[in-house]
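Novice: Sequence:
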Amino acid sequence: MIARLTQPRKAAARLLALFSILWLAACQPIVATGPVSDAQRVTPGAPVKVALLVPAGSSQQSDQLLASNLENAARLAIADLGNVEIDMKVYPTAGDPTRAAQAAGTAVAEGAQIILGPLYAEAANAAGVAAAEAGVNVLAFSNNPTIAGGNVFILGPTFSNTATRLVQYGRANGIDRYVVAYGNDLQGAIGRDAIVNAVNSSGGAVAGTQAYELSQAGVQSAAPRVAETVRGTGATGVFTTAGVNADLPILATALKEAGITPQQARMMGLTRWDAAPQALALPGLQNGLFAVPDTARTRAFEQRYSATYGAQPHPLAGLAYDGIAAIGALAATGRADALARNALVQSQGFKGTSGIFRLLSNGTNQRGLAVATIRNNQVVILDAAPTGFGRAGS
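Mind the numbering: the sequence shown is residues -25 to -1, 1 to 369 in mature numbering (1 follows the signal peptide of the UniProt record, and there is no 0), read in order.
Note that these hints are calculated values from the structure, not bench results.
Hints are supplied without guarantee of correctness; some may be wrong.
[What the hints assert, rightly or not] Across the chosen pairs, the derived CB separations fall in these ranges:
no., residue 1, residue 2, range
1, N352, D13, 35 to 43 Å
2, S281, A256, 22 to 30 Å
3, A256, S43, 32 to 40 Å
Values in this document were obtained by computation on a predicted structure and should not be read as measured data.
Beta carbons are placed, not taken as given, at the ideal position from N, Cα and C, and that holds for glycine.
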C-alpha cells in the first residue's frame, strides 16, 4: 500500500530525522529476488540513475545548508563506490510537498531508477505518491513512520527502534514496569506509542502514561503526577520522549525534586542526551539510560567530510551518504532487481559508520544501537551496539 496523507499534516512536515551517520560502501548484501519494474531494472555495467531531492530553493537558510550538505555527502559516497557508476541528478524541492511531487515526477520521466530524499515528511510522502505508478522506490531522509510504506522507505532512525533497544536492555536488568512521560504534540505522541508498543512486545508492563504541555509550567506541573504514579505502581522506569534542548532538563530536574531516584525508577530517554554537553551535568540525568550509535564510526565520516569540504557536516548529511552507498552496494551485485523492494529489505542489512542497519518491509528501519548512561557527568557505554543481525526481523 502506498503511503498517503489524506489531509495536510503541517506538524509532521518538519519532523527531522534524528542524528545518525552511516558508512555503507564496504557492505556486501545478499539480494533477494522479487518483482522489478522497467524503471528499476539495473543493467550490469551501466550507470545507475539516482535522483537526489534536497530542500534547496527554500527561504529558510537552514534548508539551504542542509541541501548543500546532503549533496556533498552523496558525492563523497559516489567517489567511494569503486566499480559502480552512479549518475546522480539533484532536484530542489524547497522543502515543499508540491515541489517535491513535481521533482519526483520529473526525475522518473528523466529515467531515475531510485529516488534519494527528500527530507521532510510531507515532501517525502508526496514524492512517493508521484513515483509509485512507475514503480520507483524512495529512500527518504525522514524518521517519521507515518509516511513509511509501499514504495517509501525512511532512512532516519526511528523512535520505535530506540524504544525497543532500551526496553530490551531494561528488561534484562530488572526494569519491567514503566511510566511514560511525553510532550503533548505529534512527536510526543509518536514517541509514546513507540514506547508502549516496545514495552508490551517485550512482556513488560506500562504502569501509566502522563502527557504534559510543552512549556516550563506544563512540565513542572506534570512531574509530581509522574512521581505519584511511580510510587503508587512500583514502576521501575520512567521513559520519556523529552528532547535535550527543550523539555528534558526541566523534566529531569522536576522529577528529582519530586523524590524520584535512579534506585527507585531509572530514567530512560528516546533522544540523544549527549547532543547537548551541558545536559551531562544535570543531576536528574545521572545513571539514566539512552541509546547512541557507534560514535567512532561517526567521527570517521565527519573527518572524511571535513577533509574533503573544509567544514564539519550537518548531523543529517550522513543519511545521503547512506543512501548512495547502499544503492551502490546493491547495484554491485549485478542483479537486474537490485533496486526492487525485496532487494532493499534483504535481512542481512548494511554496515555503516553508526553501526548495522536494515530497511524493513513496513518502510521503516532497524539500527544497531549501544545503550549508554551518564556517570559523573560523562557518557559511559553499558552495552555495545551489535555487529550483526539475527534472523530476519529479529
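Novice: Let me make sure I understand: some of the numbered hints might not hold for this structure. Which ones are they, in numerical order?
Specialist: Violated hint (a single one): 1; every other hint is consistent with the structure.
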